[in-house]
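Participant: For reference, the chains in residue letters:
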Amino acid sequence: MNLLAIELLSPEEWTALRLSSTVATCAAAASLPLGIAIGYLLARVAFRGRWLLEAMVNLPLVLPPVVAGYLLLICFGPRGPIGSVLADWFGVKIVFSWLAAVLAAMVVSFPLMVRAIRVAFQSVDPRLEMAARSLGASRLGAFFTVSLPLASRGVIAGWILAFARGLGEFGATIMVAGNIEGQTRTIPLAIFTVASRPGGMNQCWRLVGLSILLACAALAASEWLERRQSRHESR
Amino acid sequence: MAKNRPGIRFLLLLLGISNIVGCGHRSASRQAGGEGGRSDRKVVLFAAASTTSALEEISRRFRREHGIVVEANYASSSTLAQQIENGAGADVFVSANENWADYLEGMGLVEKRQSVFGNRLVVIQPADAAENIGRPQDLLADWVKHLALGDPEAAPAGIYAKQALEALGLWEQLRRKVVAAPDVRHALSFVEMGAAEAGIVYATDAAISGRVKVALELAPELTDAIRYPVVLVKSGAENQAAESFYQYLSSAGAAEVFRKHGFTVLAAPRGCPATPLP
Amino acid sequence: MSLVSFQCRHRFAGGFELDIAFQTDHTVTSIFGPSGSGKTSVLSTIAGFLRPQSGRVQLADQAMLDTARRLFVPPERRQVGMVFQDHLLFPHLTVEANLRYGWRHRRRRHRSIEFRRVLEVLEIGGLLQRYPGSLSGGERQRVALGRALTSGPGLLLMDEPLASLDAALKARILAYLERVVDEWRIPTLFVTHAQAEVRRLANWVVVIENGRVVATGTPDDALSQPEPLGWKNSMGPVNLLRLERVELRDGHAMGRLGDQLLYLPQRDLPSHSPVFVQFSPIDVTLSRQDVTGVSARNRLRGRICQLVPLDQAVFVAVDIGQIVWAEVTPEAAAELSLAPGSDVTCLLKAHSLRVVT
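Chains as they are written, first to last, in numbering that gives the first Met the number 0: chain A, 0 to 234; chain B, 0 to 277; chain C, 0 to 356.
Please note: incorrect hints may appear among the correct ones.
Capping the alpha-carbon separation at 20 Å, the derived lysine to aspartate or glutamate pairs in EDC-like fashion look like this [to be verified]:
| no. | chain 1 | residue 1 | chain 2 | residue 2 |
| --- | --- | --- | --- | --- |
| 1 | B | K144 | B | E171 |
| 2 | B | K212 | B | E130 |
| 3 | A | K92 | B | E130 |
| 4 | C | K169 | C | D181 |
| 5 | C | K348 | C | E246 |
| 6 | A | K92 | B | E191 |
| 7 | B | K144 | A | D87 |
| 8 | B | K176 | B | E191 |
| 9 | B | K111 | B | E84 |
| 10 | A | K92 | B | D141 |
| 11 | B | K41 | B | E110 |
| 12 | C | K348 | C | D258 |
| 13 | C | K169 | C | E122 |
| 14 | B | K212 | B | E191 |
| 15 | B | K176 | A | E11 |
| 16 | B | K259 | B | D127 |
| 17 | B | K144 | A | E180 |
| 18 | B | K212 | B | D127 |
| 19 | B | K176 | A | E180 |
| 20 | B | K144 | B | D127 |
| 21 | A | K92 | B | D127 |
| 22 | B | K144 | B | E191 |
| 23 | B | K176 | B | D137 |
| 24 | B | K233 | B | E104 |
If you're looking for bench data, these hints aren't it; they were derived computationally from the structure.
Let's have the full structure, built from the sequences with the hints guiding it.
Facilitator: Here it is in structure tokens:
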């Protein structure tokens, strides 16, 4: 199986695949806790300044990804407000690393995730949490044993959407993570690089195919998960 | 709703993917699409990013003297060449590298060709960098974490930079530090912002930025001659204004502007035959 | 020491004001009133979901809320079991998991209610592996009741528990509620707008209208006062008679009320006991004399104990062993010289009776 696999893709394509999968998975996983928290907050709680939170969350959706990447570069670059702290205190340089690619993917996919999760929580009757608390569950306990399981379908959908978006992220990635072979050259960047060479347009079909395959796999996984979910509920 | 969701998701994914692949093609189709009713009093110029300021000034002079508008599109030579190949309606193409001009010639898209000006490679650092790079070998130091270049596979500045580093025997060790920027201007920005500790760009690029300093100049012998071929594209052959501009680029007035911006002016006579120089 | 001591003042966003205070040490207390009177807010405050602008809530010897002292015990620590109008069972858990939910969260010493006994009393043992979505309305409400019980509550709160059920189901679930009260005698507070429920279950009733308490007392007393109940909105009293025995005589079911007999509208014996019959005051005709030759099968003799004159009607309370209300026109009352102490006969058609069990 190994030999066959090696023949299917060149080393640089394997690297791109490995990088893309890692980056997208980490980005979706890292944004999940915050996505759930914010999705729940926006679905349930009315508070002053809520419009501001909504605007901030939705901003990456309407901003061109390159602009988002540029802003991230300014922020996290060695001279930026956050980047300088990271460099001075921890000696860590985040831009032009795979972590920056994760950051870029997180930022652009976050609004999609929050949207799906918020819809999921909106469809869960808030009085169920009341019932849980009347039975002795704490606020957090009621959330984890009642609301979250009931919203899990939407949460998973949000995760998958974020994952797929992270796989395809280009503009922000190339700005803040750069295009470094072996380290940040994800599949979209690899396609761009190969296509930029003379006659390269014809060479990138394997990578394009890989992109599509990954996207289909994500879709299939989400369908399977949803079907498993609905088997457990009888509605 | 449950039935629609996979469809919507797939659509979103397709849009995401087309975003990647279509990035180079968008301006091409835009150009090709808006062809109808093009007047002969206008020149469509495709030029390498590193020539932006010089050609903008030349275009202004040209307009003052001849009353003809030059519409310019500046990007990396690779992107522009591919757009021309795909039917973008360019009249004049200024490439930062002979390869891309050769490429178009191979496709029969070149009407006329001349080499007018050239450039030099320099190593730059952020203006306020604490440590200085004295020799190319200093790039191997640990504190130089990232080296910004134009894409070494596609952008001429990057190709030359890679050539120079290979000639110095440093390429293999440096390649894992190389940030391949989409074009050389981006590479410059990365160094300006301090995101990359060093970069290799054209002398002309370094000259326009006050936030970088030139650490050293790379010897011209390390690379092929860095020449900017000026091409009159086949689709601009009938355009009188384009012919006019093509000639203007090798005039004394233009030479003055090139020198002012830091380019080297080649002593090539006007109207060279359409064969690539060695 | 009262079981529940409640005082609350709160002004809602829409302008509705709540100003309620009551105490009760009866096992089953009902909070009765028309829709929108604020009954549910009382339960919400007791349960801890509504934090009023000013109030005090004390359950047995424990203070749950005291705005003056800034004391607020969160809902999960109040040991209050709630049964909602819409059952609110957790749809992603089986019936058993739902029932065990409260069980898990209770401290040991409060587990005085046995899990198995709850299953028996409510007859839900066979439903354990099913999901709420597949249960019928009655089954769901029983499971909801069971879930509130298994959490070992110190106080049971029920918010219109029968409101979403149809008539036949109401009666059956009411019977289960009675069983629950009999079995465990947990202090219970239930909200309703149906008099029949109050009369069957409650030892004490607090009548609420427009956010204020208008009457408290035993069901008979409190529900006999015309003003607060808005009899002007034709919410008049409902007659509910409890029959000691039902016999079959001449192919007809007859209910025994002391030494009087009541013809029931059916020809067979009702399967459940005890048996209640419900009928409206308007179906009762009064006569000062013994009557014969009329189609109404039932003639109940008794003595008038109260007269409530309203604009368009006079409500007459007749004591036949239990209280029966009759509605007559003011002219009729005058003509018959109806007065407390008078002996009258109540004529009642068998088909006006509705047997509820």
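Participant: Run every hint past the structure and note whether it holds.
Facilitator: The hints, checked one at a time:
no.: 1; hint: K144/B <-> E171/B; verdict: 15 Å, holds
no.: 2; hint: K212/B <-> E130/B; verdict: 12 Å, holds
no.: 3; hint: K92/A <-> E130/B; verdict: 18 Å, holds
no.: 4; hint: K169/C <-> D181/C; verdict: 18 Å, holds
no.: 5; hint: K348/C <-> E246/C; verdict: 18 Å, holds
no.: 6; hint: K92/A <-> E191/B; verdict: 16 Å, holds
no.: 7; hint: K144/B <-> D87/A; verdict: 15 Å, holds
no.: 8; hint: K176/B <-> E191/B; verdict: 17 Å, holds
no.: 9; hint: K111/B <-> E84/B; verdict: 16 Å, holds
no.: 10; hint: K92/A <-> D141/B; verdict: 13 Å, holds
no.: 11; hint: K41/B <-> E110/B; verdict: 18 Å, holds
no.: 12; hint: K348/C <-> D258/C; verdict: 19 Å, holds
no.: 13; hint: K169/C <-> E122/C; verdict: 16 Å, holds
no.: 14; hint: K212/B <-> E191/B; verdict: 9 Å, holds
no.: 15; hint: K176/B <-> E11/A; verdict: 16 Å, holds
no.: 16; hint: K259/B <-> D127/B; verdict: 26 Å, violated
no.: 17; hint: K144/B <-> E180/A; verdict: 14 Å, holds
no.: 18; hint: K212/B <-> D127/B; verdict: 8 Å, holds
no.: 19; hint: K176/B <-> E180/A; verdict: 9 Å, holds
no.: 20; hint: K144/B <-> D127/B; verdict: 16 Å, holds
no.: 21; hint: K92/A <-> D127/B; verdict: 18 Å, holds
no.: 22; hint: K144/B <-> E191/B; verdict: 15 Å, holds
no.: 23; hint: K176/B <-> D137/B; verdict: 13 Å, holds
no.: 24; hint: K233/B <-> E104/B; verdict: 10 Å, holds
When the structure is compared with the earlier hints, a violation turns up for hint 16 alone.
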